[in-house]
Amino acid sequence: QQQVKQSPQSLIVQKGGISIINCAYENTAFDYFPWYQQFPGKGPALLIAIRPDVSEKKEGRFTISFNKSAKQFSLHIMDSQPGDSATYFCAASSDRGSTLGRLYFGRGTQLTVWP
Amino acid sequence: DVKVTQSSRYLVKRTGEKVFLECVQDMDHENMFWYRQDPGLGLRLIYFSYDVKMKEKGDIPEGYSVSREKKERFSLILESASTNQTSMYLCASSRTGFGDGYTFGSGTRLTVV
Numbered sequence: 001q002q003q004v005k006q007s008p009q010s011l012i013v014q015k016g017g018i019s020i021i022n023c024a025y026e027n028t029a030f031d032y033f034p035w036y037q038q039f040p041g042k043g044p045a046l047l048i049a050i051r052p053d054v055s056e057k058k059e060g061r062f063t064i065s066f067n068k069s070a071k072q073f074s075l076h077i078m079d080s081q082p083g084d085s086a087t088y089f090c091a092a093s094s095d096r097g098s099t100l101g102r103l104y105f106g107r108g109t110q111l112t113v114w115p
Numbered sequence: 116d117v118k119v120t121q122s123s124r125y126l127v128k129r130t131g132e133k134v135f136l137e138c139v140q141d142m143d144h145e146n147m148f149w150y151r152q153d154p155g156l157g158l159r160l161i162y163f164s165y166d167v168k169m170k171e172k173g174d175i176p177e178g179y180s181v182s183r184e185k186k187e188r189f190s191l192i193l194e195s196a197s198t199n200q201t202s203m204y205l206c207a208s209s210r211t212g213f214g215d216g217y218t219f220g221s222g223t224r225l226t227v228v
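Going down the list, the sequences are from chains V and Y. The numbering of the first sequence is the working numbering, which starts it at 1 and goes up by one. The numbering of the second sequence is the working numbering, which starts it at 116 and goes up by one.
Mixed in with the good hints there might be a few duds.
[To be verified] The list that follows gives simulated cross-link-like pairs (lysine-lysine, BS3-like), each with its CA atoms no further than 30 angstroms apart:
1) V:Lys42 x Y:Lys133
2) Y:Lys133 x Y:Lys185
3) V:Lys58 x V:Lys15
4) V:Lys42 x Y:Lys128
5) V:Lys42 x Y:Lys186
6) Y:Lys170 x V:Lys42
7) V:Lys42 x Y:Lys185
8) V:Lys42 x Y:Lys118
9) Y:Lys172 x Y:Lys118
10) V:Lys68 x V:Lys57
11) V:Lys42 x V:Lys58
12) V:Lys5 x Y:Lys133
13) V:Lys5 x V:Lys58
Simulated from the structure, these hints should not be mistaken for lab results.
All chains should be built: construct the whole structure from the sequences, respecting the hints.
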């Protein structure tokens with residue numbers, strides 16, 4: 001059973017537009033929600049993360065919106081640039097329980113930003 | 116910066132060979148993980164380890180084993196490689212109790228022919 005569901009699988013956005021990627025989870029024990037960015041030929045790298053005590057976190061052009069009651073979170077990329085073209089993964093984990101810190105990943109979104 | 120180093124970027128092996136994928140991290144992280152990445156399937160956890168000589172199965176352990184003799188090194192072993200194990204393999208590490216996510220290596224692209 002997939003713990004974190006991510007959509008869309010692929011996304012094409014024009015330069016300057018807003019890219020939005022959505023994720024949903026079921027396990028209410030999750031308390032850490034990171035996003036990873038992966039360029040071709042590289043491993044994923046942490047982009048931005050949020051904990052459920054806040055509803056939004058912004059770092060530059062990247063914003064996470066978090067809706068605890070709906071068990072959903074999303075990544076918004078403002079003023080999307082061709083250099084943002086990459087695969088994005090959402091993830092979730094809990095500090096409680098025996099699988100301490102294990103991240104559960106969504107299946108990824110391939111973002112293409114056209115110039 | 117935390118570094119997770121995977122020994123090979125590309126490997127080509129024959130069906131039936133025993134294959135070793137090596138991963139080393141240099142920041143004294145307790146936890147290490149092996150994933151495989153396939154198009155449309157995302158990142159799937161093969162095995163992970165929370166301490167030296169300790170291992171736990173992930174979601175797709177069949178056909179794989181692991182070894183962690185030292186804290187900094189985590190090896191993935193394909194006992195008898197098969198063509199359906201052709202994939203990108205990613206190693207990651209993390210600290211216990213900090214909940215600050217993983218650091219990934221650059222990956223090993225394995226092709227089994």
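Straight-line alpha-carbon gap Lys5 (chain V) to Lys58 (chain V), limit 30 angstroms: Status holds; Cα separation ~22 angstroms.
30 angstroms Cα cutoff - pair Lys42 (chain V), Lys128 (chain Y): OK: Lys42 (chain V) and Lys128 (chain Y) at ~21 angstroms, within 30 angstroms.
Agreement of Lys42 (chain V) and Lys133 (chain Y) with the hint, judged by alpha carbon distance not exceeding 30 angstroms: 25 angstroms, holds
Pairwise hint evaluation, Lys42 (chain V) against Lys170 (chain Y), where the allowed Cα distance is 30 angstroms at most: 26 angstroms, holds
Lys42 (chain V) paired with Lys186 (chain Y) [C-alpha distance capped at 30 angstroms]: 24 angstroms, holds
Restraint status (C-alpha distance of Lys42 (chain V) to Lys118 (chain Y) at most 30 angstroms): 13 angstroms, holds
Pair hint Lys58 (chain V) and Lys15 (chain V), alpha-carbon separation not exceeding 30 angstroms: 20 angstroms, holds
Hint consistency between Lys172 (chain Y) and Lys118 (chain Y) [alpha-carbon to alpha-carbon, up to 30 angstroms]: Distance of about 24 angstroms is within 30 angstroms: holds.
Given hint Lys185 (chain Y) paired with Lys133 (chain Y) - CA-CA distance at most 30 angstroms: It holds: about 21 angstroms lies between the C-alpha atoms, which stays within 30 angstroms.
Given pair status - Lys133 (chain Y), Lys5 (chain V), alpha carbons within 30 angstroms: 35 angstroms, violated
Restraint check for Lys42 (chain V) with Lys58 (chain V), where alpha carbons must lie at most 30 angstroms apart: 25 angstroms, holds
30 angstroms Cα cutoff - pair Lys68 (chain V), Lys57 (chain V): 14 angstroms, holds
This entry does not satisfy hint 12, going by the numbered hints stated previously; all others are met.
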